[in-house]
Amino acid sequence: METIHHLLVESLNDLDEPPHLIAHGLSGSIACLFAQRYPSLIRSLTVLSVDTLSCNHWTNHYLAMRSQLPCSRAQILSHLSSALIKTDHVHVNSALSQLLEKCLDSDFISGSVVGQQSIDSLTPPDVPMLILNGEYDFVVDSGSLHRWRSVLKPGDYVELISQGRHFFQFSHAALVVEKINAFLDLIATNEFPDTISSLSPVSSTLQS
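Under the working numbering, think of the first position of the sequence shown as 1001, with each following residue one higher.
Honestly, the hints are just simulated from the structure, not real lab data. The beta-carbon is built from N, C-alpha and C at its ideal position, and this holds for glycine as well.
With a straight-line cut-off of 25 Å between C-alpha atoms, the simulated SDA-like cross-links for lysine to any residue are:
1. Lys1102 with Ser1054
2. Lys1153 with Asn1190
3. Lys1086 with Gln1163
4. Lys1086 with Tyr1136
5. Lys1086 with Glu1178
6. Lys1102 with Arg1066
7. Lys1086 with Ser1142
8. Lys1153 with Gly1143
9. Lys1102 with Ser1078
10. Lys1102 with Met1065
11. Lys1102 with Arg1073
12. Lys1086 with Leu1175
13. Lys1102 with His1089
14. Lys1153 with Leu1033
15. Lys1102 with Leu1007
16. Lys1153 with His1024
The calculated label-pair distances, taken between Cβ atoms and stated as ranges, are:
17. Phe1138 with Ser1040: 34 to 42 Å
18. Val1009 with Thr1189: 23 to 31 Å
19. Pro1154 with Leu1007: 27 to 35 Å
20. Ser1121 with Ser1011: 23 to 31 Å
21. Asp1126 with Cys1071: 42 to 50 Å
22. Ser1072 with Asp1141: 21 to 29 Å
23. Ile1004 with Leu1053: 19 to 27 Å
24. Cys1055 with Pro1154: 26 to 34 Å
25. Ser1150 with Glu1101: 32 to 40 Å
26. His1146 with Gln1068: 22 to 30 Å
Let the hints inform the model, and build the full structure from the sequences given.
Spelled out as C-alpha cells, the structure:
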C-alpha cells in the first residue's frame, strides 16, 4: 500500500493542478485511503463498487468459494463472471473470466499482498466524494448505501445504479458518465444542494 501511494504521489506532483480521482473496486478503496492521506493532491474522489467495509471485493468472494467448493479455478471464475456483469453475450463472460484470472495472477488483491496488510473501514476524505454502487451487486451489497450515508459529509453523494451489478460501468456506461459529469459540474460551480435530480433519479443523498 505504501508503495502504491508513493508512486501515485510522484505522478500527481507532476501535474499543473489537482485532478479528479476515479477508481473502481479495490482500486477505489486504495484511492479513498490515498485521498484521506493526501487531500491536497486531488480535487475530488469518485469510487465505483466500493463499500465502507474494505473486505467487500470480488477477490474475497472468489477466495471463499475456492476454499469451500470442490470446483476448479476456471469454473469459479466463470460463475463469478456471470454474476458480476449483466450480459447476454457468452463471449463477454468468457473474456471477463480471462481478465479476472489475470487479476488474480498479477494484481494487488486481497488474499495475496493485501493479506499481509489489513485495510481499515473507509470514511470520506476531506474532498468532495461521489460513490456509485450497483443495485444488484452481490459483492458490494445494497446495505452499503446505509453504511455510506452514515459517514458522509456535506459535498458527498452516494447512489445505487438501478439494476447494476459489480461492473455496472460497462452495462450502464452512459448513465455512469452522466452521474460523474453532473458531480464534476457541481464541483466546478462550488454549489452542493441537498438533492440533485440530474445526479440521482434513484437514491442519491448529500449529508448536510
